[in-house]
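Chemist: Each chain, written out:
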Amino acid sequence: MSDDKFTAIVIGGGPSGSTAAYVLAKEGLDVLLIEKGDTSGSKNMFGGRMYSHALNRIIPGFWEEAPVERAVTKEIITFLTEDKSVSVICQNDNWAKEPYHSFTLLRAEFDRWLASKAEEAGAIVATSIKVDDLIIENNKVVGIKAGEDEMYADVIIAADGVNSLMAQKAGLRKDLEPKQVATGIKQIIKLSKEKINDRFQVTDSYGVAQLFVGHCTKGLHGGGFLYTNKDTISIGLVINISALRHNTIRLVDLLEDFKNHPSIAPIIEDGEVEEYSAHLVPEAGINMKPQLIGEGFLVVGDAAGFVLNLGFLVRGMDFAIASGEAAAKAVIEAKKSNDFSKSALLAYERYLKQSFVMQHLEIYRKAPHFLENERLYGKYPALAANLLTKMFTVDGGQPRRLFGTAMNEIKMSGLSLAKLAMDGWKGMRSL
Amino acid sequence: MLKIIVCFKWVIDEADIKVSGKSRELDLSRVAYKISDYDRNAIEEAVRLQEQLGGSVVAVTVGPPTAKQSLKDALSRGPEKAVFVSDPAFDSLEPAQTAAILAEVITKNLEYDLIICGEGSSDLYAQQVGPRLAEKLGIPCATYVEKIIIKDKELIAERKMRDGIEVVSMPLPALVTVMPTINTPRIPSLKQVLGAAKKPVVNLSAKDLEGKYEPCLKTTSLLAATMERKRIKFTDDPQDIRKVVDALLKEGVIS
Amino acid sequence: MPGVWVIAENSNYTLELLSKGLEIANELNEKLVAFSFGNEELANDYISCGADEVFVLPALNRELPFEAYVPLIVAEAKKEMPEAIIVCATQRGTELASRVAAGLNTGLATGCISVRVDKGNLVMERLVFGGAAVQTVICTTRPQMAAIPPGTYEKAQPREDRRGQIKVVAGNVETKVKVVERRKKEQEEIDLTEAKIIVSVGRGFEKQEDISLARELARLLGGEVGCTRPIAEELHWLPEERYMGISGKKVKPDLYIGLGVSGQVQHVTGIRDAKIIMAVNTDENAPIFDAADYGIVGNLYDVVPKLMTEIKAALNK
Ligand SMILES: Cc1cc2nc3c(=O)[nH]c(=O)nc-3n(C[C@H](O)[C@H](O)[C@H](O)COP(=O)(O)OP(=O)(O)OC[C@H]3O[C@@H](n4cnc5c(N)ncnc54)[C@H](O)[C@@H]3O)c2cc1C
Ligand SMILES: Cc1cc2nc3c(=O)[nH]c(=O)nc-3n(C[C@H](O)[C@H](O)[C@H](O)COP(=O)(O)OP(=O)(O)OC[C@H]3O[C@@H](n4cnc5c(N)ncnc54)[C@H](O)[C@@H]3O)c2cc1C
Ligand SMILES: Nc1ncnc2c1ncn2[C@@H]1O[C@H](COP(=O)(O)O)[C@@H](O)[C@H]1O
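Protein chains in written order, with full-length UniProt numbering: chain A, 1 to 431; chain B, 1 to 255; chain C, 1 to 317.
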């Protein structure tokens, strides 16, 4: 390595960037990871749960050393109306057996740990440094600028997250449209371990992932989430920005209302808000995928839009990690022939296609469009909740047949059967 | 040519300290660490003097092995070498021990004209290590220094006292403890961060020390300083502001 | 009898320490020793205020700082081996105490917020982590040493029937540190610690002129303007006597209003004893909201005028 030239510079120390740096360093390549935060992850946020499979392939048994909170054994989907709720609960303790299915975690610690793994593997990690610009010569990205300093590399990997300025500077993508992003807000609420175990009926190391659809977003395109950590709860909302634009509702108020819902309030009672954060989520799936490869340049993770957002479920960590790995593998291959041109880096797309990243995004290709349907967030949750409350209500009146009740509720909700059938069909095909 | 030693401490970032429940116990499980605030001023001052007058700056820290992370940060701020004295037991040193360890390490390993410490560490804020170290080394010292001028083998320091400025002079070698107002620490650039990784570090452990430094102070308890507050939040709507004013009236604190 | 020593840089502070020293000496069953610096007359005052013995040290040459007494005190302590030494933790006192402790190879707790005696030990409490926690320590070596800030205790009162000894300690006060100049600072006339209402200026203010906004609010409420450390020490927008916190003033008003104050623990430590804390900050995660009774999430430039309107309406002003 000459003084200011690396094989690879990775911009951004989130999960995608740290993974790329880790894989490259393991292979013995000179790699520099640059993160603008004081430490990796210090400002990063997400809902709260990471599926394990992607990282487990790269760092087998990572849970032995990584700062994870609880292994999720209980999945709950809850439909909310203003005052009622219907939940579907699925419990599977096998999810807490190796290789653990998914973990709740806190990003500040997790990202810091993953960056330290890259450093241990030999990557040079520079924190508190913001990359300001790319150095482009003859249409090829050859380096970066940070403050007064310039640094060169054979290849630059943009792992700078949803707003990726770097991909824009490289000319690989445009500004995001409001429709293409959601905004998420979240609070971390401190609650004792015992209370969490009690209220969610789990043991110390087991956790709950709960997703909400319906009144929590006041019918807007989006959803709510709740994850149990060791002694805190992550709770928040994700709402599409264009949906929000046409409304005067403020996100903070929505979150407060959500927390006060009769189905939520008791489970977070006595909790103290420890942290509040907000962040964007790429929302449009594979349809907004920018160009991933340039001359001497790769885009990974959120920067590449690799997030699955089903309104009520956001999944991006495993995509970030797997795409970071795929990019690293492509660079390793390119290094062998010392050719870092766009065509040599095409291997990145190949690795992505072989992995779940492209496969899963492809499967859910139609989801964003389907999810724009407002009925999903207003009428349907209400329908489910009302139907079931009627069914469970015994008041001395004439019992009704379930079918009749259902038809009645559908009529009351103002939905036509045809619409319902249509949405059902679309949903089945796109989700 | 001035040989400068700067002493810095790797401390818990107090902003990350949480309190567990009502027990007043400190929850340190999720804390990050940092170079003690005023020690960043100490390092900056050392480097500025070196840039002005030539010479060398060595950064010295005593701490547990995990404090190794501090070296890159410290070195990226300009010193050309670091001395890291570590032992697992060094995570809870009291000032008498720290000063004694520093004194032995400095006497045996380093030449110096000037030693710079922070006014106080961000965690203990004992304000002791500097003056104790000077006493152990038998050199003159000036505390609460806001300005340093060096002429030949003489140091002139402006001390910022509660009732005004006191200018003192003393021969080198000497020790000063600096106030945060003495300078604004630079933010290391990318090249400085990368350069830091290549600078030499002398690693010493408790085994390399002759003295056995037992603590003179024993901590019998460490509890959060809590405060009962209502913690009610309002928006900036006029109605909300009126509610706040009503509450203040009701509390009887405005009239 | 080895004794309990009290050392302070002037007579007022010595009297404060004598009142506490008397209590400690009684509990430890030791004599109480005070230090007078170059002034034999004060020795009698100290005796009537509780000292059993007063060591009179030679007067200082004008070009020497108070800290120059360290070698003499260390030498004397090595002869007498006192049981405890209590020093007034002014800046000079803290340096002197640290160096005396180093000279005697003994433990010292600086910045004590309280000291009591238990089983022959001084049990000393002090703030750590910027005021986020209270550490209690005892000293396992002798003499045990504590440095306590001025103003912690009431001054001891003279009593008629007291008797004591005066010992003149001879020797040269020598040091390599010479004072070449002293520039006295003008003293502020207001004392923030007495204020009933304090409007506190933080870095949320954009320019020095804007402090007028805080002044108007303070005037309306009949309060004083205070600030955070950076406002005083870095920006010099307000005098240093006006900043509150662990290294600034500890205040106890009925109402503290923080405007654009983030509420770092070092600042909050100084306002802990306020009856009611109110804060205005744009960042709803600002730690000040955890320390406040009433918090308004908003821009101070927008909130303060509205707040004044409401106050005027409510108070009929
Ligand atoms: C509300 C919300 C809930 C979510 N919930 C989940 C969930 O439960 N499960 C899940 O798997 N995923 C979830 N996600 C998605 C997940 O957070 C992201 O997909 C993931 O963080 C992407 O990782 P990344 O490394 O690509 O980007 P990021 O994590 O955004 O990291 C980018 C990094 O780059 C740094 N950076 C940016 N610009 C620069 C620059 N110029 N110079 C230097 N450094 C720079 C940033 O500081 C940051 O550290 C959620 C997202 C949101 C917003
Ligand atoms: C050893 C040590 C001792 C210290 N001792 C003290 C001490 O005694 N006293 C002390 O005060 N500090 C002390 N400090 C410093 C302390 O840690 C903080 O840095 C300081 O208190 C922060 O001052 P601030 O709140 O004015 O500024 P900042 O922390 O910069 O906060 C400014 C706040 O204003 C808000 N804001 C910005 N614009 C607006 C607007 N338009 N309207 C409303 N809000 C706005 C921001 O959200 C932010 O929260 C000490 C530090 C150390 C390390
Ligand atoms: N563990 C340590 N290693 C090196 N220097 C230290 C250490 N602890 C304290 N110091 C120095 O002594 C100063 C005062 O510390 P303290 O006496 O703890 O307030 C600090 O600002 C540092 O310059």
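Wrong hints could be hidden among the right ones.
[Unchecked claim] In silico DSS-like links for lysine-lysine, alpha-carbon gap of 25 Å or less: (1) 117(A) with 230(B); (2) 184(C) with 207(C); (3) 184(C) with 275(C); (4) 207(B) with 68(B); (5) 259(A) with 108(B); (6) 275(C) with 151(B); (7) 230(A) with 218(A); (8) 145(A) with 191(B); (9) 153(B) with 43(A); (10) 140(A) with 342(A); (11) 191(B) with 26(A); (12) 147(B) with 317(C); (13) 3(B) with 153(B); (14) 230(B) with 184(C); (15) 26(A) with 174(A); (16) 195(A) with 230(B).
[Claimed, not checked] Far from chain A, some chain C residues (derived; all Cβ distances over 12 Å): (17) 26; (18) 75; (19) 134; (20) 159; (21) 185; (22) 240; (23) 285; (24) 297; (25) 305.
[Claimed, not checked] Estimated spans, in silico, between C-beta atoms of each pair: (26) 269(A) with 184(C): 56 to 64 Å; (27) 359(A) with 230(C): 48 to 56 Å; (28) 138(B) with 40(C): 30 to 38 Å; (29) 114(C) with 38(A): 48 to 56 Å; (30) 246(A) with 51(B): 52 to 60 Å; (31) 4(A) with 68(B): 50 to 58 Å.
Keep in mind the hints are simulated off the structure, nothing from the lab. Backbone N, C-alpha and C define an ideal beta-carbon position, used for all residues, glycine too.
Chemist: It remains to establish, for every hint, whether it holds in the given structure.
Modeler: Results of checking the hints against the structure:
no.: 1; hint: 117(A) with 230(B); result: 43 Å, violated
no.: 2; hint: 184(C) with 207(C); result: 28 Å, violated
no.: 3; hint: 184(C) with 275(C); result: 35 Å, violated
no.: 4; hint: 207(B) with 68(B); result: 17 Å, holds
no.: 5; hint: 259(A) with 108(B); result: 62 Å, violated
no.: 6; hint: 275(C) with 151(B); result: 52 Å, violated
no.: 7; hint: 230(A) with 218(A); result: 30 Å, violated
no.: 8; hint: 145(A) with 191(B); result: 11 Å, holds
no.: 9; hint: 153(B) with 43(A); result: 48 Å, violated
no.: 10; hint: 140(A) with 342(A); result: 9 Å, holds
no.: 11; hint: 191(B) with 26(A); result: 23 Å, holds
no.: 12; hint: 147(B) with 317(C); result: 49 Å, violated
no.: 13; hint: 3(B) with 153(B); result: 12 Å, holds
no.: 14; hint: 230(B) with 184(C); result: 43 Å, violated
no.: 15; hint: 26(A) with 174(A); result: 34 Å, violated
no.: 16; hint: 195(A) with 230(B); result: 23 Å, holds
no.: 17; hint: 26; result: 45 Å, holds
no.: 18; hint: 75; result: 49 Å, holds
no.: 19; hint: 134; result: 21 Å, holds
no.: 20; hint: 159; result: 52 Å, holds
no.: 21; hint: 185; result: 36 Å, holds
no.: 22; hint: 240; result: 29 Å, holds
no.: 23; hint: 285; result: 5 Å, violated
no.: 24; hint: 297; result: 8 Å, violated
no.: 25; hint: 305; result: 22 Å, holds
no.: 26; hint: 269(A) with 184(C): 56 to 64 Å; result: 58 Å, holds
no.: 27; hint: 359(A) with 230(C): 48 to 56 Å; result: 53 Å, holds
no.: 28; hint: 138(B) with 40(C): 30 to 38 Å; result: 32 Å, holds
no.: 29; hint: 114(C) with 38(A): 48 to 56 Å; result: 35 Å, violated
no.: 30; hint: 246(A) with 51(B): 52 to 60 Å; result: 58 Å, holds
no.: 31; hint: 4(A) with 68(B): 50 to 58 Å; result: 25 Å, violated
Hints 1, 2, 3, 5, 6, 7, 9, 12, 14, 15, 23, 24, 29, 31, counting from the list given before, are not met by this structure.
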